[in-house]
Amino acid sequence: MIEKQKILPIIRKAVNAVCNLIIGGVILIVTIFLIRGFLFETYKIPSLSMYPTLIKGDDVLVNKLVLGPRVFKNLNFLSGDTIQMVRLPGWRDVKRNDVLVFNLTHYSKDRRNLYFRDYYIKRCIAIPGDTLRIHKGYYSIAGVQGTPGSMKRQEKVSHIPDSMIASPGVRALNGWNIKEFGPLYIPRKGDRIRVTPDNVRAYQRIIEYESQKRLRYDSTGVSLGRYPITSFTFAHDYFFMAGDNAMDSRDSRYWGLLPDEFIIGKAVCVLWSKDKKTGEFQWRRFLNWI
Numbered sequence: 000m001i002e003k004q005k006i007l008p009i010i011r012k013a014v015n016a017v018c019n020l021i022i023g024g025v026i027l028i029v030t031i032f033l034i035r036g037f038l039f040e041t042y043k044i045p046s047l048s049m050y051p052t053l054i055k056g057d058d059v060l061v062n063k064l065v066l067g068p069r070v071f072k073n074l075n076f077l078s079g080d081t082i083q084m085v086r087l088p089g090w091r092d093v094k095r096n097d098v099l100v101f102n103l104t105h106y107s108k109d110r111r112n113l114y115f116r117d118y119y120i121k122r123c124i125a126i127p128g129d130t131l132r133i134h135k136g137y138y139s140i141a142g143v144q145g146t147p148g149s150m151k152r153q154e155k156v157s158h159i160p161d162s163m164i165a166s167p168g169v170r171a172l173n174g175w176n177i178k179e180f181g182p183l184y185i186p187r188k189g190d191r192i193r194v195t196p197d198n199v200r201a202y203q204r205i206i207e208y209e210s211q212k213r214l215r216y217d218s219t220g221v222s223l224g225r226y227p228i229t230s231f232t233f234a235h236d237y238f239f240m241a242g243d244n245a246m247d248s249r250d251s252r253y254w255g256l257l258p259d260e261f262i263i264g265k266a267v268c269v270l271w272s273k274d275k276k277t278g279e280f281q282w283r284r285f286l287n288w289i
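Read left to right, the sequence shown gives residues 0 to 289 (numbering that gives the first Met the number 0).
Warning: the hint list may mix true and false statements.
Calculated cross-link-like contacts (lysine to aspartate or glutamate; reagent style DMTMM-like; alpha-carbon spacing at most 20 Å) [what the hints assert, rightly or not]:
#, residue 1, residue 2
1, Lys273, Glu40
2, Lys43, Glu279
3, Lys135, Asp117
4, Lys188, Asp161
FYI, nobody ran anything at the bench for these hints, they're computed from the structure.
Start from the sequences and build out the full structure, keeping to the hints where you can.
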């Protein structure tokens with residue numbers, strides 16, 4: 000009887016310790032999930048498209064509160080169905096020169112949808128309502144003073160011989176290239192834009208994304224699905240994204256404009272960095288603000 004009285008408190012303490020450990024583990028997992036889902040997340044830089052702002056081996060901290068975190072109503076889009084999501088209120092709208100992390104569009108036989116498993120990081124050059132032009136390698140926004148993006152990198156592009164830029168391998172949307180592009184209007188939600196054979200290539204992918212229909216065109220006109228169209232009203236805001244390293248960046252010049260709901264968040268700083276070849280920490284890049 001005495002032994003039982005001694006053992007029971009020990010068992011109770013052990014059970015309580017295990018329960019506390021399990022509860023603590025669950026709370027920790029839920030906390031990490033909430034932080035990564037709604038507040039902050041880290042992303043590794045896989046390429047030199049944002050050089051010299053970001054380099055291979057950088058791990059950047061992304062703030063989801065600036066624009067507002069996304070809440071997905073379903074995950075059926077992982078298998079190709081149409082995405083259903085809402086964005087919670089954020090601190091502010093996207094601004095020119097923001098460096099954003101975002102998903103890309105997945106193109107299947109008959110659908111255009113968010114590609115959840117992959118992400119890009121680029122600089123926002125133009126926002127909804129802007130009219131963008133690239134002339135001799137330099138960005139300009141109609142009616143806006145100043146040049147968005149990295150001036151040093153644009154100057155480098157301006158010195159690239161036209162013979163290199165004109166090759167089919169670097170040809171961008173609408174037959175433009177990285178030195179001569181546009182003018183291109185960036186649609187806002189609710190904008191109704193005239194669609195013609197001359198401008199349809201610049202808007203083709205986002206029209207197909209919103210309508211989930213094939214867009215076809217020739218010299219006689221434009222058809223969406225089975226019916227001809229002359230205009231289209233957009234349901235989303237769009238953004239023109241570009242890498243600072245223009246000669247090594249697949250961005251809006253090639254794959255088109257970015258829908259608002261594809262944006263994950265704003266990159267705010269390099270948390271840490273490792274050299275991709277040696278595996279050594281690059282201490283000078285730690286906690287560098289973007």
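How the hints compare with the structure:
Proximity of Lys273 to Glu40 is assessed by CA-CA distance (about 18 Å); at most 20 Å being required, the pair is judged to hold. Distance hint between Lys43 and Glu279 is fulfilled; the C-alpha atoms sit about 15 Å from each other, no more than 20 Å. This hinted pair does not check out: Lys135 and Asp117 have alpha carbons roughly 32 Å apart, beyond 20 Å. About 36 Å separates the Cα atoms of Lys188 and Asp161, which puts this hinted pair outside 20 Å; it is violated.
When the structure is compared with the earlier hints, violations turn up for hints 3 and 4 and for no others.
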